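Q: For the sequence shown, counting from 1, position 36 maps to 40 in this note's numbering; every step adds exactly one.
By construction, these hints were calculated from the structure, which means they are not laboratory data.
Certain hints may be false.
If you anchor each label on the Cβ, the simulated ranges turn out as follows [what the hints assert, rightly or not]:
#, residue 1, residue 2, range
1, 135, 12, 35 to 45 Å
2, 135, 21, 19 to 29 Å
3, 12, 75, 31 to 41 Å
4, 124, 79, 30 to 40 Å
5, 82, 54, 11 to 21 Å
6, 32, 88, 15 to 25 Å
7, 80, 37, 13 to 23 Å
8, 72, 113, 19 to 29 Å
9, 51, 82, 16 to 26 Å
10, 76, 14, 33 to 43 Å
11, 37, 117, 19 to 29 Å
12, 91, 15, 34 to 44 Å
13, 79, 14, 19 to 29 Å
14, 15, 86, 33 to 43 Å
None of these values were measured; they are calculated from a predicted model.
Cβ coordinates follow ideal geometry from the N, Cα and C atoms, glycine included.
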Amino acid sequence: MTASTEQGPVRDITGRDDIAALITAFYGRAFADPLLGPIFIDVARLDLAAHLPIMCDFWETVLFQAGAYHRNALHVHAAIHAKAPLGPQHFARWLELWAGTIDDLYQGERAERAKLQATRIAGSLCRRLAGEPASELVTISRHPRQAERS
């Protein structure tokens, strides 16, 4: 798992095992969330055991250029949106849970990249599915940004 202290996480995301821990923790929060839980459970009828490896492939590709993800995320979300419209509030909550989970587990360049990429992805999905501007989708981080690298 992750190395952390009472002050918080002390290391960055380093590979697929860390991604799996992150995704498992995130979905635990998302399934319990009053806004997102019903979408995942009742609308998408998400089989978590089958979904976790797909999400590991996705984030491993995003963070490490692994080339393991070959699906179309927009099509999957469009099918969910057709059953239960997804709006800015859903994407903002998803980002809040995602960033909070990252901040609880990891700290570093890849952790920040995971939050940045999630913000971009959520904004794009929100615009394309809901036709809504996504300017309110802001990554929430409880850790100050690392000093600019020289």
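Q: Next step is simple, just say for each hint if it's right about the structure.
A: We went through each hint and held it up to the structure:
1. 135 to 12: 35 to 45 Å: 38 Å, holds
2. 135 to 21: 19 to 29 Å: 38 Å, violated
3. 12 to 75: 31 to 41 Å: Roughly 33 Å apart at Cβ, these two residues keep to the hinted range, so it holds.
4. 124 to 79: 30 to 40 Å: The hint (30 to 40 Å, Cβ to Cβ) is violated, given that residue 124 and residue 79 are roughly 18 Å apart.
5. 82 to 54: 11 to 21 Å: Holds, since residue 82 and residue 54 (Cβ atoms, about 19 Å apart) stay within the stated range.
6. 32 to 88: 15 to 25 Å: 21 Å, holds
7. 80 to 37: 13 to 23 Å: Given about 19 Å between the Cβ atoms, the range holds.
8. 72 to 113: 19 to 29 Å: 21 Å, holds
9. 51 to 82: 16 to 26 Å: 19 Å, holds
10. 76 to 14: 33 to 43 Å: Distance hint for residue 76, residue 14 holds at roughly 37 Å.
11. 37 to 117: 19 to 29 Å: 24 Å, holds
12. 91 to 15: 34 to 44 Å: 36 Å, holds
13. 79 to 14: 19 to 29 Å: At 39 Å between Cβs, range violated.
14. 15 to 86: 33 to 43 Å: 41 Å, holds
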